[in-house]
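Counting with the numbering used here, you get residues 5 to 364 for the letters of the sequence shown.
Hints are computed from structural coordinates only; laboratory data are not their basis. Any given hint could be a false lead.
[Unchecked claim] Below, simulated DSS-like cross-link-like pairs (lysine-lysine); rule was C-alpha separation at most 30 Å, straight line:
(1) K130 <-> K222
(2) K211 <-> K222
(3) K116 <-> K50
(4) K339 <-> K307
(5) K307 <-> K211
(6) K307 <-> K332
(7) K211 <-> K116
(8) K181 <-> K222
(9) K232 <-> K222
(10) K35 <-> K130
(11) K130 <-> K50
(12) K326 <-> K181
(13) K130 <-> K230
(14) K116 <-> K130
(15) K196 <-> K116
(16) K35 <-> K154
(17) K211 <-> K196
(18) K320 <-> K307
(19) K232 <-> K196
(20) K50 <-> K35
(21) K222 <-> K320
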Amino acid sequence: MFSIIKRYSQFTLFFNRENIYSRFLYYRVEKIARPLYYLVFLSILKNILGLFYTVDSHHTLDVVLFFLELALILWAFYEIFKFFLYATLNKKIKEQVDARRELFIFLLNIVKISIVLVVVTAILFKMGVDIASLVASLGVGGIIIGFSAKDVLVNFFDSIRLISEDAFRQGDWIETKEFEGFVTELGLTSTKIRTFANAQITIPNSKLANDYIINWSKRLIGRRIKFKIPIQYSVNGAEIDRVTEEIYQMLRSHPDIVNPDNVKHLIESKMTYENGLFNIEDKFGVRSTLLVYVDSVDSYSLKILVYAFSVSINWKEWLRVKQDVLKKVITIVEKSELNLAYPTQSIYLKEAQVKRETLS
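Using the sequences and the hints given, assemble the complete structure.
Encoded structure:
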């Protein structure tokens with residue numbers, strides 16, 4: 005019978021799959037239905053057992069059945085809540101809406117804890133325990149438990165603080181004094197980070213909340229490309245000006261390099277944000293700086309600074325763009341009258357000393 009109901013439900017949901025909730029429920033109908041199946045079975049069993057015993061004579065059995073019934077109801081509630089939560093998250097992602105996954109996980113964890121508390125409280129109440137008297141009688145033990153739970157509460161409130169301040173999100177690349185990696189989960193009391201060495205680190209939220217956090221993912225467009233080209237001293241100023249201008253124009257016309265023209269529409273689209281209280285480029289992480297200048301000198305060369313930002317913030321794409329820019333800059337220099345410099349040493353000998361050593 006249950007199999008027939010399941011197949012009929014999936015059949016109906018399949019023909020309504022254009023609705024994202026129906027499509028998502030199609031794959032989760034069994035998980036949601038399982039506690040309901042058990043609940044129906046338990047109800048039948050309870051009615052059968054009721055023919056052979058009374059509550060007064062079998063109090064322990066009644067408590068066990070009550071516990072099972074409550075657990076199944078809360079299990080069903082949890083699965084239904086999780087379904088709506090995941091379906092809503094999936095819908096936001098499909099609609100390309102800014103979805104905060106860590107907030108959904110946080111709410112799910114809150115529901116888990118609430119269910120456990122409800123079950124424990126209900127069982128104690130069913131067993132006739134006066135909860136108020138129990139709490140009052142803890143005395144010194146309650147104080148000890150309170151001190152033990154202090155760090156847990158601090159970490160819990162710091163997790164709320166991190167979420168409310170939007171310091172980082174699930175999937176962000178962050179860096180602290182001691183750790184660097186991608187956030188895999190922001191939990192109730194701790195945050196899990198996957199390092200570049202593929203190790204998982206669990207950090208208490210209080211540590212993150214009270215330390216500086218560099219969030220490399222909090223940028224909309226623009227990842228910095230910065231390097232210096234060493235040029236030999238034996239050059240004229242006009243040729244340097246021509247080469248630096250050619251490099252600048254190459255960067256400005258490069259499709260993968262940010263310039264003020266190709267980010268203008270992004271800035272204009274956000275000009276009304278918070279009534280202009282924030283700098284748009286700083287708020288959303290938009291960088292379009294282009295610089296090509298002779299920046300410094302050292303013992304063997306002049307240094308031409310090349311400073312730009314790639315359109316993509318993805319590391320692999322950034323490396324590709326950086327490589328392309330380097331190759332084009334080197335080609336420009338090689339076609340000019342300038343020469344790339346490299347460290348050298350010159351040895352000067354007196355002519356008389358050389359002749360004397362030759363004759364001997």
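Hints versus structure:
1. K130 <-> K222: Outside the cut-off at roughly 51 Å; violated.
2. K211 <-> K222: 21 Å, holds
3. K116 <-> K50: Judged against 30 Å, a Cα distance of about 27 Å means the pair holds.
4. K339 <-> K307: 18 Å, holds
5. K307 <-> K211: 42 Å, violated
6. K307 <-> K332: Measuring from Cα to Cα gives roughly 17 Å; hence the hint holds.
7. K211 <-> K116: Holds, because 24 Å separates the two Cα atoms, which is no more than 30 Å.
8. K181 <-> K222: The given pair, whose Cα atoms are some 18 Å apart, holds under the 30 Å limit.
9. K232 <-> K222: 27 Å, holds
10. K35 <-> K130: Distance of about 29 Å is within 30 Å: holds.
11. K130 <-> K50: Satisfied, since the Cα-Cα distance of roughly 17 Å is no more than 30 Å.
12. K326 <-> K181: Within the cut-off at roughly 28 Å; holds.
13. K130 <-> K230: Violated. K130 to K230 sits at ~69 Å, over the 30 Å cutoff.
14. K116 <-> K130: 21 Å, holds
15. K196 <-> K116: 19 Å, holds
16. K35 <-> K154: Violated, at roughly 36 Å.
17. K211 <-> K196: 12 Å, holds
18. K320 <-> K307: 27 Å, holds
19. K232 <-> K196: 38 Å, violated
20. K50 <-> K35: With Cα atoms ~23 Å apart, K50 and K35 stay inside 30 Å; holds.
21. K222 <-> K320: 18 Å, holds
Going through the hint list in order, the structure does not satisfy hints 1, 5, 13, 16 and 19.
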